[in-house]
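> Line by line, the protein sequences are chains B and S.
Using our numbering, the letters of the first sequence correspond one by one to residues 1 to 114.
Using our numbering, the letters of the second sequence correspond one by one to residues 1001 to 1116.
Some clues are possibly wrong.
Unchecked claim - Chain S side only, calculated, beta carbon under 8 Å to chain B, not exhaustive:
1) G1042
2) F1045
3) G1058
4) G1084
5) L1088
6) T1104
7) Q1105
Since the hints were derived computationally from the structure, they do not count as laboratory data.
For each residue, glycine too, the CB sits at the ideal point set by N, CA and C.
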Amino acid sequence: AQKVTQAQTEISVVEKEDVTLDCVYETRDTTYYLFWYKQPPSGELVFLIRRNSFDEQNEISGRYSWNFQKSTSSFNFTITASQVVDSAVYFCALRGNQGGKLIFGQGTELSVKP
Amino acid sequence: DSGVTQTPKHLITATGQRVTLRCSPRSGDLSVYWYQQSLDQGLQFLIQYYNGEERAKGNILERFSAQQFPDLHSELNLSSLELGDSALYFCASSPPNGGGRADTQYFGPGTRLTVL
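Whenever a hint applies, use it, and build me the whole structure from the sequences.
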């Protein structure tokens, strides 16, 4: 079975703090794909990053960085110097090799206070 | 703006009714996916179409059906609506590389369905 767990339901930080959102996944597929999406209060789902299972290189994009570790089945997301505009629900998702469906975690609601 | 459009944005209807949600994928994308987001179930995959053919099915109720038309737009039909069908319904599309399996899904703004 495939599963994504985001243990942190809600996180509250003050602006300029760094924050890490955890994501742990389960799959038996040897090839799989991991994603992060952002859902701001307006409701749309915004794609942030995709990582293939055969590429463990970490990635940085501005204030965002992602740490992919196959050994611990984790794909964590760090926001550096958080801003109020980062307030949103963040979803980690997994796609296996057998089909196109995404399996989402329950989401982490991030609140950044000024 | 992801390039995926969904109409209507909001829909309010009564139990027992039937509604149709419409989705237009990004230009060039052949795959369309439907997801349901509810408070108790979270984000759940419903169904995928690729170039007009059904490709994968999730936990989609028998009261729900979908299709993808030759112009690649898709419709999700929900019938005999129940209170529990109230949710945000997302459509997503992905480009044709790899037969629609491995590529990133871009989501539309969603249709918020309220069943009273």
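> Now tell me, hint by hint, if it's right for this structure.
Against the structure, the hints:
1. G1042: Hint holds; S:G1042 Cβ to chain B Cβ min 5 Å, cut 8 Å.
2. F1045: holds, 4 Å
3. G1058: holds, 6 Å
4. G1084: violated, 19 Å
5. L1088: holds, 7 Å
6. T1104: holds, 5 Å
7. Q1105: Holds - the Cβ of S:Q1105 comes within 8 Å of chain B, reaching about 6 Å at its closest.
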